[in-house]
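Asks: Sequence:
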Amino acid sequence: GLPNAVAVLNPHQIDCNYPFRFLSGVGLAFKLALAVRTALHNKLGWRKDKLPNMRRHLDLVALGTIADVAPLTGENHILVRHGLDVLAKTDKAGLVALKAVSDVDGRVDARSVGFSLGPRLNAAGRLGKADSGFHLLTADDLKQAKKLAQELNVVNQERRDIQALVQDEAEYLINRQVDLKEDRVIVLASENFHSGVVGIVASRIVEKYFRPAILIALENGVGKGSGRSIPHFNLHRALTECASHLIQFGGHAYAAGLTINEGSLDSFRSAINKVGCRILSDENLIPELFLDGILNISEVNATLHKEVTLLEPFGAENLAPVFLVEGVSVHRLKKIGRGELHIRFQAVQGDARIDAVGFNLAEKFASIEEKLDKVDLACEFQVNDWNGQNKLELKVLDFRYSKKK
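Each step along the sequence shown adds one to the number in this note's numbering, with nothing skipped, and position 74 is 74.
These are calculated hints, taken from the structure and not from any lab test.
Keep in mind that a hint or two might mislead.
Capping the alpha-carbon separation at 20 Å, the derived lysine to any residue pairs in SDA-like fashion look like this [as the list claims (entries may be wrong)]: (1) K374 / A362; (2) K274 / F249; (3) K334 / I368; (4) K147 / S132; (5) K374 / H331; (6) K31 / H12; (7) K395 / F359; (8) K371 / I354; (9) K334 / N301; (10) K371 / R400; (11) K146 / I162; (12) K391 / H331; (13) K208 / K335; (14) K147 / G125; (15) K208 / Q349; (16) K89 / F365; (17) K208 / L180; (18) K208 / D266; (19) K335 / F249; (20) K364 / S402; (21) K371 / Q349; (22) K306 / R81; (23) K374 / G339; (24) K395 / F249; (25) K371 / Q389; (26) K224 / T240; (27) K403 / F365; (28) K181 / K147; (29) K147 / D168; (30) K147 / D91; (31) K334 / F399; (32) K224 / E182; (33) K274 / L246; (34) K374 / I354; (35) K146 / V104; (36) K208 / N42.
Derived Cβ-Cβ restraints for the label pairs, each shown as a range [what the hints assert, rightly or not]: (37) L165 / E299: 38 to 46 Å; (38) K335 / R278: 35 to 43 Å; (39) E171 / E299: 37 to 45 Å; (40) E219 / G339: 47 to 55 Å.
The C-beta atom is built at its ideal place from N, Cα and C for all residues, glycine as well.
Build the full structure now, drawing on both the sequences and the hints.
Replies: Structure (structure tokens):
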């Protein structure tokens, strides 16, 4: 039951009439602080010029809301949009140091937070050193903050190295143990898995194979696991059906955590795959990509980009628009990045051309004949500001062979 408290702040409570249910934890804390500020003025008579300026703390609200993958809709969208502006100019020592070590300079968008700032803060917690992030965010001395930020940067690199090893092990186990024609749910367990990164790797497995994935880190006969899912398969509901095989579990439709005895692994794998076979059709295992419109390369310009940025910040539940660009030929294709998993090329459509980048698409693009094959691209567009060049480019999500010649 609920604690015997003066107030329980949770917009998900059945009897809560607050109009926006999806505030993150940091958003809720911010609203409480606002209410305390109002009470200090209205009930205790504090002068307005003595009250704290709460807008200056919106940088923390933006950081926490994005890192928590809360929906960027409604009130969250407003808080984060203003919070990113504050974050760009913040004078908080911890955030200044974190931005510097993350190479985040000038304008800050949701992507910078989600892929650069957030992972560094979260890395310490994943590897069992959660207080490092707290000490950084509460630091008021820049020299100390820089030292803490550098430590977090090192820990984040350690996390990435561990994640890469777990990813390799997971792929090895999939090749050895999983029948992708039969298995609807991928369940992998290993003593070589690290419990702090199994959730991230499960997400990568779902992206690649488009079926629910559960990765379990084994230690002393007990496994701690994390699962991620796809549309049409409520992971929490599926785990509820398999509860007799588990010590404990929790989560929601798309993500869950669990604890299991090593001896129950085979029976659990069998049970959850029976649920998967009952619920997931072959069609459900084909990823859907929703397109917002058709675009010609000649139309990609600063004006269009400015109009699209009015819809920012993009993130959970408020995705960036995805466009279809038809009849494109691929020029100057090259593999880039760690393990040469990513690609960069020039997309040519008639007389128009634009640079394009695709992440984790190197294998898929290997079949394309440069300059000869025509493809349709599903893509977003973004600004590439590497080395100060500030150029618009396509971010390719997928392709198909084009019917346009």
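Asks: Run through the hints listed earlier and report the numbers of any the structure violates, in increasing order.
Replies: Numbers 9, 11, 15, 16, 18, 19, 23, 24, 25, 28, 29, 32, 36 and 40, in rising order.
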